[in-house]
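Q: Top line first, the protein sequences correspond to chains A and B. For the first sequence, our numbering assigns the number 1 to the initial residue and increments by one for each residue that follows. For the second sequence, our numbering assigns the number 1001 to the initial residue and increments by one for each residue that follows.
Don't take each hint at face value.
The calculated DSSO-like cross-link candidates involving lysine-lysine, where the alpha carbons are at most 27 Å apart (straight line), are [what the hints assert, rightly or not]: (1) Lys-1423(B) / Lys-86(A); (2) Lys-1429(B) / Lys-86(A); (3) Lys-1367(B) / Lys-86(A); (4) Lys-88(A) / Lys-1429(B); (5) Lys-122(A) / Lys-33(A); (6) Lys-1367(B) / Lys-1321(B); (7) Lys-1384(B) / Lys-1439(B); (8) Lys-1429(B) / Lys-33(A); (9) Lys-88(A) / Lys-1301(B); (10) Lys-33(A) / Lys-1321(B); (11) Lys-86(A) / Lys-1439(B); (12) Lys-1439(B) / Lys-88(A); (13) Lys-152(A) / Lys-1301(B).
If you are wondering where the hints come from, they were derived from the structure by calculation, not from laboratory data.
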Amino acid sequence: MNTESTGPERPTISGWYELFSRGSRDWLRHSEKIRAAVREHLPQIVAGSDIINDGARTVQVPVRMLEHYRFRLRADDEQTGVGQGKAKPGDVLGQENAEGGPGQKGSGGRERGGTDLMLEFKVDEIIDWLWEDLQLPNLQPRAGPSEELEWKREGWDRRGARSRLDRRRSLKESVKRRSLDPGSPAFIDEDLRYRQLTRRHQPAVRAAVFFLLDVSASMTERDRQLAKTFFFWVAAGLRREYQALDIVFIAHTTDAWEFSEADFFKVTGSGGTVASVGFAKVREIMQARCNPSNCNVYLFYASDGDNAADDQVQARSELEGIAKLSRYSGYVEISPSAARSTTTEMFQLFQEVAATGVPSGRFAITGPDDITAAVRHFFAAESQAAQIDPQAIAP
Amino acid sequence: MTHDWREHVPRLENLARTLGLDWSPVIFEAVPDSFMTEIAVYGLPVRMPHWSFGARYIYQLVQRHMGYSRLFEVVFPGNPGHAYLASSNGIADNILVTAHVLGHADFSKNNLLFRRCQEQGSEHIVEHAASHARQIERDIETYGQSAVERVLDAALSLEQYIDHDQALRREHYPEYVASSKLRVDDVFRTRFTALDAGVCAASESRNIRAHLPPHPERDLLWFIATYAPEMESWERDIFLAVREESFYFYPVYATQIMNEGWASYWHARLLREADFIPQAAYLDAIKCHSDVVRPIAAGEKSSLAVNPYHLGFSLWEDIVKRWGIDAARQIRREDDDFSFLRNHLTLDLATDMGLFRYQREQNGQVKVVSGEIEALREGLLIDKYNFGAPRVSVIEVRSDGTLVLQHDTQLDGRGLDVERTRKVLQYVKSVWRRPVLLKTVDAASQPVEVSADSAAAA
Chain A
1 MNTESTGPER
11 PTISGWYELF
21 SRGSRDWLRH
31 SEKIRAAVRE
41 HLPQIVAGSD
51 IINDGARTVQ
61 VPVRMLEHYR
71 FRLRADDEQT
81 GVGQGKAKPG
91 DVLGQENAEG
101 GPGQKGSGGR
111 ERGGTDLMLE
121 FKVDEIIDWL
131 WEDLQLPNLQ
141 PRAGPSEELE
151 WKREGWDRRG
161 ARSRLDRRRS
171 LKESVKRRSL
181 DPGSPAFIDE
191 DLRYRQLTRR
201 HQPAVRAAVF
211 FLLDVSASMT
221 ERDRQLAKTF
231 FFWVAAGLRR
241 EYQALDIVFI
251 AHTTDAWEFS
261 EADFFKVTGS
271 GGTVASVGFA
281 KVREIMQARC
291 NPSNCNVYLF
301 YASDGDNAAD
311 DQVQARSELE
321 GIAKLSRYSG
331 YVEISPSAAR
341 STTTEMFQLF
351 QEVAATGVPS
361 GRFAITGPDD
371 ITAAVRHFFA
381 AESQAAQIDP
391 QAIAP
Chain B
1001 MTHDWREHVP
1011 RLENLARTLG
1021 LDWSPVIFEA
1031 VPDSFMTEIA
1041 VYGLPVRMPH
1051 WSFGARYIYQ
1061 LVQRHMGYSR
1071 LFEVVFPGNP
1081 GHAYLASSNG
1091 IADNILVTAH
1101 VLGHADFSKN
1111 NLLFRRCQEQ
1121 GSEHIVEHAA
1131 SHARQIERDI
1141 ETYGQSAVER
1151 VLDAALSLEQ
1161 YIDHDQALRR
1171 EHYPEYVASS
1181 KLRVDDVFRT
1191 RFTALDAGVC
1201 AASESRNIRA
1211 HLPPHPERDL
1221 LWFIATYAPE
1231 MESWERDIFL
1241 AVREESFYFY
1251 PVYATQIMNE
1261 GWASYWHARL
1271 LREADFIPQA
1281 AYLDAIKCHS
1291 DVVRPIAAGE
1301 KSSLAVNPYH
1311 LGFSLWEDIV
1321 KRWGIDAARQ
1331 IRREDDDFSF
1341 LRNHLTLDLA
1351 TDMGLFRYQR
1361 EQNGQVKVVS
1371 GEIEALREGL
1381 LIDKYNFGAP
1391 RVSVIEVRSD
1401 GTLVLQHDTQ
1411 LDGRGLDVER
1421 TRKVLQYVKS
1431 VWRRPVLLKT
1441 VDAASQPVEV
1451 SADSAAAA
């Protein structure tokens, strides 16, 4: 038995059938549709905070096979069927998992139930989806001394480095030459074309983004995790979108420290909350490292909204100072419910600062599913126009 | 001895002819397992692309991988018929399978239900399905993947809704019907009729627009393709292509027990009477036969499903023993699974086979219940009506174009799953392009209307 032995009459036939791959083709289409469907559940994927801690490059998402719907009878409480074997009336043939049972009738088991698959998504892919059409608000190119020189591809030459040989162009030259002189060799040195590079002045788009996180005792583990997840996706997205970008990670309680990115996502703390200390740290670093006149400065502050009562005045003047120099200052409040957010000290503080006319925004995160919305709120191009700032016009 | 099973094909065919089998020529081809899997999933060797087949394909692949199922052959009736044999079959398997295929070929040539559908065009279903696939691939190039997919989502979800008692090519309903009530009873009309016969004849034949459809129509694919107010012609073609394939599938589905039983009866008999098969191959083939018609998996005491091969095989053996082979041939000609089981599954046979009815209770407990032979037969047949799908028909197209479907809750015993129904209606609405709604009953047996857009409303 083998297909090869059918060979003598039709030598190619078994090979021909190997070419069929309709099943795989339709399976790919099914996967495509699943990925599109999963994309609609972006908030849940983004909320999976284990990405931050593991530094994983992929995320596993359990999905169900898509169902092609048919008319089906509603599940019946009592199902009957016919079986075969040694059994007499009254026998109990064991416990069945109730799941596989109902709803399967009618289809006679030909349809599969909801089979689970694990789909793997690259973190980059998720960033793509999350950051589609997102940008830093009010970003302005700042010409001046920090203008950058960049190598750009421009033009072709007959001489150049081997690695920059343009094969398509060289082939064209060869075709042209041979059409004039048929019979000449396929390639000669004169055909070869090399891409050339030149230095160009690029207007610099420099930006520094300050992430300020309240890690005082009032921020629970859950609150910190939410805030860090938010910062993780914002950092990942900004890095992708902007080449020249400094991100500064600061955490504060009654004191404030700068952290490296890796440490920032692990930081915990205890003690009270003095926001002005955090703002002061931001200002200090801002003055030391970037000149606001040729650098776009952004501040994002995450907190549960509480601040020491005697610090309000101080915090306000610090924040106003930063906000004036910044392109945008955003406040993310981690709150257990959306209702509470407008009444906290910090929320009001940012509201007052926004009322002075500087670009600023606020968003309350109440649970993991809000993270996507928060990122969109601050970085979506279309919402930015409206964001600056409704209260400034109508206080 | 040769290693090629093809050597045995003409010998088996000769033997089958002398035993009175009668079939259209069959082309045998050995194909790779991957191709067999595709045939099992698509139901046809070349069929239209759709993502739902992809999901089933993976499921099959996993099943096959885990050794749950193995497919020896698939045969497509027709003139000529096509038999695809898995190239992984052993020589003994293939001898058995060849004999089995001859049994199928005899069945499909002679069974009346098969013949009627074959005459409608499914004699060349393999070729037609391939041409449908080609046309749909062209449509994808012209109109785009998502537009074609939208139509296929709708057409394939209604795949089971054909009326196999009607012809494949159907005429439109008459658009007008003669007014049944001619008012000749009043004084004016009587005098008017007396005046001028010509004038009055003209007014008498006044027609009124017919109600659409004139009776509940269960051929949903045909009805939508024919009466959808704004369907593109390529969309109608897709509906009709799916419908033609369903016409082919119907007899396959509705005679499965008989057909598999008949083929198993004949492969067993041909094997017994063939003196040219080498001893070793014969033993292997007999072992393979007993695997195929085995009622219960090895090591199990009972099974909650009935193997159709075993059921059909036992019935045919019993029929031949009691009534003789000629009577069996007549039954093979005239019956389908419904009449086959109702007429020939006797209480004695059912008891011998150990068939029983069971009930799966709410807590998941499966209990054997006592039952009359009628209940047993109906239990075996319940999934066979209408391809096992709930009975739904068109009852009305309203003046605003709304398509009204009615679920036969009486026959099906309970209402439809509302969420799935809504999804199907959404598919349908995208081609019907007017509101679509369906009447069924809820859990409390109260009438509900499901529409494509809204939640169920009383």
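Q: Each hint: holds or not?
A: Hints, one by one, checked against the model:
Between Lys-1423(B) and Lys-86(A) the alpha-carbon distance is near 42 Å, which puts this suggested pair outside the 27 Å criterion. Between Lys-1429(B) and Lys-86(A) the alpha-carbon distance is near 50 Å, which puts this suggested pair outside the 27 Å criterion. Between Lys-1367(B) and Lys-86(A) the CA atoms are separated by roughly 13 Å; this keeps the pair inside 27 Å, and the hint holds. The hinted pair formed by Lys-88(A) and Lys-1429(B) fails the criterion: a straight-line CA distance of about 50 Å is larger than 27 Å.
Between Lys-122(A) and Lys-33(A) the alpha-carbon distance is near 17 Å, which keeps this suggested pair within the 27 Å criterion. Using a Cα cut-off of 27 Å, the hinted pair Lys-1367(B) and Lys-1321(B) is violated, with the two alpha carbons roughly 34 Å apart. As the CA atoms of Lys-1384(B) and Lys-1439(B) are separated by approximately 23 Å, the hinted pair is consistent with the 27 Å bound. The hinted pair formed by Lys-1429(B) and Lys-33(A) meets the criterion: a straight-line CA distance of about 21 Å does not exceed 27 Å.
This hinted pair checks out: Lys-88(A) and Lys-1301(B) have alpha carbons roughly 12 Å apart, not beyond 27 Å. About 55 Å separates the Cα atoms of Lys-33(A) and Lys-1321(B), which puts this hinted pair outside 27 Å; it is violated. A threshold of 27 Å between alpha carbons decides the hint, and for Lys-86(A) with Lys-1439(B) the separation of about 43 Å lies outside it, so the pair is violated. Simply put, Lys-1439(B) and Lys-88(A) have alpha-carbon atoms about 41 Å apart, too far for the 27 Å limit, and the pair is violated.
Between Lys-152(A) and Lys-1301(B), the direct Cα distance comes to roughly 77 Å. Violation of the 27 Å bound is thereby established for this hinted pair.
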